[in-house]
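*Asks:* Take a look at the letters that make up each chain.
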Amino acid sequence: MTTDGSGARSAERPRPWAAHAARGRGQHARRRPSRHRGQWAAWGFIVPVVAYLAAFYAYPLYRNIDLSVRSYTVASFVSGDAPFAGFANYASVFRSATFAPALINTTLFVFVSIAFQFAIGLALAVFFQRKFPLSSFLRALFLIPWLLPLLVSASTWSWMLNSDSGVVNALLHAFGVAHVNWLTSPNWSLASVLIANIWIGIPFNLVIMYSGLQSIPADVFEAAAIDGASGWQRFWRITFPLLRPVSAITLLLGFIYTLKVFDIIWIMTRGGPATSSTTLAIWAYQFGFGSLLPDFSSAAAVGNVLIVIALLFALVYIRVRSRLEES
Amino acid sequence: MTVQVSRRLRTIGVAVATSAAVVAALSACSSSPSSSSSGAAPASSASSGGGGTYTFWDPYPQYNASSAWAKLIATCGTQAGVTIKRTGYDTTALVSQSLLAAQQGKSPNILLVDNPVVSTLAKAGALTTTAQNGLSTGSIAQNILGAGVIDGKTYGVPIGANTLALYYNPKILSAAGVDPASITSWATLTAALAKVKATGKTGITFSGINTEEGSFQFLPWFWGSGANLTDIGSPQAVAALTLWTTWLKDGYAPNSVIQDTQTTAWQEFQTGNVAFAENGTWQKAGAATMGAKVIPIPAQNGGAAPVPTGGEFFTIPVQKDTSTYATTAKIVQCLSSTSNIVTTDNTLNYVAPTQAGQQAQVSADSTLQTWVTAVGVAKARTGDNLGTKYPLISQQLWTAMQKAESGAATPAAALAAAQTAAAAAINK
Numbered sequence: 002m003t004t005d006g007s008g009a010r011s012a013e014r015p016r017p018w019a020a021h022a023a024r025g026r027g028q029h030a031r032r033r034p035s036r037h038r039g040q041w042a043a044w045g046f047i048v049p050v051v052a053y054l055a056a057f058y059a060y061p062l063y064r065n066i067d068l069s070v071r072s073y074t075v076a077s078f079v080s081g082d083a084p085f086a087g088f089a090n091y092a093s094v095f096r097s098a099t100f101a102p103a104l105i106n107t108t109l110f111v112f113v114s115i116a117f118q119f120a121i122g123l124a125l126a127v128f129f130q131r132k133f134p135l136s137s138f139l140r141a142l143f144l145i146p147w148l149l150p151l152l153v154s155a156s157t158w159s160w161m162l163n164s165d166s167g168v169v170n171a172l173l174h175a176f177g178v179a180h181v182n183w184l185t186s187p188n189w190s191l192a193s194v195l196i197a198n199i200w201i202g203i204p205f206n207l208v209i210m211y212s213g214l215q216s217i218p219a220d221v222f223e224a225a226a227i228d229g230a231s232g233w234q235r236f237w238r239i240t241f242p243l244l245r246p247v248s249a250i251t252l253l254l255g256f257i258y259t260l261k262v263f264d265i266i267w268i269m270t271r272g273g274p275a276t277s278s279t280t281l282a283i284w285a286y287q288f289g290f291g292s293l294l295p296d297f298s299s300a301a302a303v304g305n306v307l308i309v310i311a312l313l314f315a316l317v318y319i320r321v322r323s324r325l326e327e328s
Numbered sequence: 006m007t008v009q010v011s012r013r014l015r016t017i018g019v020a021v022a023t024s025a026a027v028v029a030a031l032s033a034c035s036s037s038p039s040s041s042s043s044g045a046a047p048a049s050s051a052s053s054g055g056g057g058t059y060t061f062w063d064p065y066p067q068y069n070a071s072s073a074w075a076k077l078i079a080t081c082g083t084q085a086g087v088t089i090k091r092t093g094y095d096t097t098a099l100v101s102q103s104l105l106a107a108q109q110g111k112s113p114n115i116l117l118v119d120n121p122v123v124s125t126l127a128k129a130g131a132l133t134t135t136a137q138n139g140l141s142t143g144s145i146a147q148n149i150l151g152a153g154v155i156d157g158k159t160y161g162v163p164i165g166a167n168t169l170a171l172y173y174n175p176k177i178l179s180a181a182g183v184d185p186a187s188i189t190s191w192a193t194l195t196a197a198l199a200k201v202k203a204t205g206k207t208g209i210t211f212s213g214i215n216t217e218e219g220s221f222q223f224l225p226w227f228w229g230s231g232a233n234l235t236d237i238g239s240p241q242a243v244a245a246l247t248l249w250t251t252w253l254k255d256g257y258a259p260n261s262v263i264q265d266t267q268t269t270a271w272q273e274f275q276t277g278n279v280a281f282a283e284n285g286t287w288q289k290a291g292a293a294t295m296g297a298k299v300i301p302i303p304a305q306n307g308g309a310a311p312v313p314t315g316g317e318f319f320t321i322p323v324q325k326d327t328s329t330y331a332t333t334a335k336i337v338q339c340l341s342s343t344s345n346i347v348t349t350d351n352t353l354n355y356v357a358p359t360q361a362g363q364q365a366q367v368s369a370d371s372t373l374q375t376w377v378t379a380v381g382v383a384k385a386r387t388g389d390n391l392g393t394k395y396p397l398i399s400q401q402l403w404t405a406m407q408k409a410e411s412g413a414a415t416p417a418a419a420l421a422a423a424q425t426a427a428a429a430a431i432n433k
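Those sequence lines, one after another, are chains A and B. Using our numbering, the final residue of the first sequence is 328, and nothing's skipped along the way. Using our numbering, the final residue of the second sequence is 433, and nothing's skipped along the way.
By construction, these hints were calculated from the structure, which means they are not laboratory data. A few of these clues could be false.
For each label pair, taking beta carbons as the anchor points, the in silico distance ranges come out as [what the hints assert, rightly or not]:
1. B:Gln109 / A:Lys261: 23 to 31 Å
2. A:Asn188 / B:Leu105: 37 to 45 Å
3. A:Ile145 / B:Thr276: 24 to 32 Å
4. B:Asn278 / A:Asn188: 51 to 59 Å
Chain A is nowhere near these chain B residues, computed Cβ spacing over 12 Å in every case [unchecked claim]:
5. Lys76
6. Val382
7. Tyr395
All residues carry an ideal CB built from backbone N, CA and C; glycine is no exception.
Work out the full structure: start from the sequences and follow the hints.
*Replies:* And the structure:
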């Protein structure tokens with residue numbers, strides 16, 4: 002980087018302000034159309050997505066809110082001139098005798114489902130980390146609950162849990178345990194649909210946690226083994242913390258999916274007996290399609306309550322993830 | 006490409022586009038405006054009678070295009086000078102489908118719908134009355150027509166009626182020493198169930214599920230105690246529900262009745278281990294195969310209990326083009342003419358809605374006499390001017406049934422709560 006004399010130096014390094022001016026004059030004249038063209042191109046890419054979101058997310062959401070703030074009868078549904086009711090539909094939903102059981106059942110259903118699905122899925126993922134003969138085949142078999150159509154799973158569970166002729170009660174009887182009315186007793190109906198839902202949800206957690214485990218570098222474990230960490234300590238101190246981002250997304254997806262679960266409960270117990278296994282999703286369906294006289298306004302109100310709850314979960318997830326990214 | 010050439014090409018392009026737009030606009034203006042909005046297919050003006058497509062919705066998805074039912078519809082359409090496009094829907098989906106179609110102004114020309122739904126659709130303003138569409142209802146039995154009469158106006162004609170009765174397995178009864186002719190009241194029925202249980206068989210199956218099927222199955226006992234749907238908390242209603250809960254507690258009815266549909270309850274009866282099954286006309290072919298016979302459902306203190314009518318109604322939904330009603334009425338009259346309706350009702354296992362039809366059915370098959378008698382004393386669920394109050398009452402009724410059957414509440418408490426909730430829903 003030697004220079005020979007001031008003349009050469011000034012040739013190498015033209016004066017900054019002149020260069021800037023030259024750049025400015027030439028590129029400024031060219032930059033205006035290119036910036037606009039760049040902006041138009043950007044809008045062009047976004048417009049299809051925005052149009053799709055507007056048509057399939059924003060419009061149905063607007064219609065749902067409209068349904069819930071007007072009081073629709075079948076007559077005004079057909080003629081379209083329902084009177085504005087403000088918060089009245091929500092008030093009657095909150096004051097209804099079914100609201101508290103539905104909310105409690107939904108909370109129990111979601112939290113217990115996720116707890117067991119996640120724990121068992123994670124345990125299985127850790128188990129499958131060690132390769133043994135036929136491990137990939139066994140792992141594929143574990144996917145079956147997820148792959149079966151829900152109608153098939155729910156019907157089969159209904160048959161198995163039948164009070165008089167189900168195979169579960171036959172097994173219990175063989176072990177001398179008292180007969181349990183799985184689907185027809187108000188004490189056990191929620192537990193029955195929980196068991197079916199947990200069985201169905203384990204493969205999803207297994208798959209995602211397994212791939213999350215694969216992404217943890219093996220030398221971390223080797224280092225821990227050298228330092229003398231036991232299996233349990235390795236899991237709690239290394240595996241689990243490193244899996245936090247994957248766990249967070251799995252839990253969020255699980256929460257939102259379980260919040261909406263309808264098919265399993267409807268086919269197995271229809272939300273009964275009475276309201277013992279009614280969740281908010283079932284309740285909304287009962288309002289809208291479960292009787293001969295649909296009440297679309299109340300169904301929309303309950304549906305919006307579900308959306309708000311799901312939104313809260315999503316906000317919690319975003320807060321957790323930003324905190325994870327900071328650390 | 007030079008600037009002049011590209012500019013000229015642009016000008017030519019603009020000219021071509023503009024002329025194309027002008028041509029399209031002119032052709033659109035000159036074409037005749039579409040005459041009506043009857044259904045998804047393009048319609049014709051019926052006054053000319055010269056063809057066109059009419060839409061027909063029914064809740065019989067089990068009948069495809071090659072079935073006798075579809076062919077009958079096509080024949081009646083041809084006789085009226087039109088083509089009929091028929092779609093079969095699931096019966097529970099038909100309510101919301103019809104409401105949506107009415108909202109969009111795309112109702113079918115003919116809608117065959119379950120009888121309790123007629124009052125819902127009439128209240129929605131989606132159906133025409135017989136005064137508007139010209140259908141005649143003179144020869145139809147009044148109790149079967151009842152579900153279509155709201156506030157003195159008739160909104161449809163029945164295709165036929167089915168109802169409930171008590172099937173029994175003669176082998177199990179004779180083994181238990183029960184004479185079916187002796188079952189004339191609740192007390193004698195419960196005594197018979199006790200005798201059956203003593204031989205190790207199950208007494209009775211029915212459907213106590215928390216849907217309209219459950220209410221449908223409960224109504225003969227409800228009405229048989231003298232209760233009325235306007236007060237489901239009355240002592241008579243409590244007595245009816247207590248009958249069921251006592252059967253469950255004493256083991257005369259299996260626990261699964263709480264979530265059995267009528268079909269599942271029938272399947273339990275078909276295993277041959279159950280003495281009685283409360284089920285409907287539509288199972289009579291299956292009953293004949295297994296040798297089961299039928300008696301009417303007993304009322305509390307003797308006699309046959311009033312039973313609810315099942316079966317669908319032909320309705321003519323409101324159309325923008327009112328000139329289609331004449332042809333539509335012609336098609337419906339054709340479908341419900343005595344010879345056609347007897348054939349249809351025999352296929353569907355319904356009882357014909359007219360006396361002439363019923364006589365024709367009984368003369369062809371004398372075992373239908375029990376059913377004709379049962380339908381003769383049947384009531385519509387939405388009758389007694391209950392109309393759209395019935396679905397609200399029915400929902401509370403099946404909730405109360407579930408609470409009592411599962412032991413979550415006593416029958417009295419469950420029905421009292423149900424009556425309060427029903428009254429609140431009706432007065433909302």
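*Asks:* So, for every hint listed, does it hold in this structure?
*Replies:* How the hints compare with the structure:
1. B:Gln109 / A:Lys261: 23 to 31 Å: holds (27 Å)
2. A:Asn188 / B:Leu105: 37 to 45 Å: Since A:Asn188 and B:Leu105 have Cβ atoms about 39 Å apart, the given range 37 to 45 Å holds.
3. A:Ile145 / B:Thr276: 24 to 32 Å: holds (30 Å)
4. B:Asn278 / A:Asn188: 51 to 59 Å: Since B:Asn278 and A:Asn188 have Cβ atoms about 28 Å apart, the given range 51 to 59 Å is violated.
5. Lys76: holds (31 Å)
6. Val382: holds (23 Å)
7. Tyr395: violated (7 Å)
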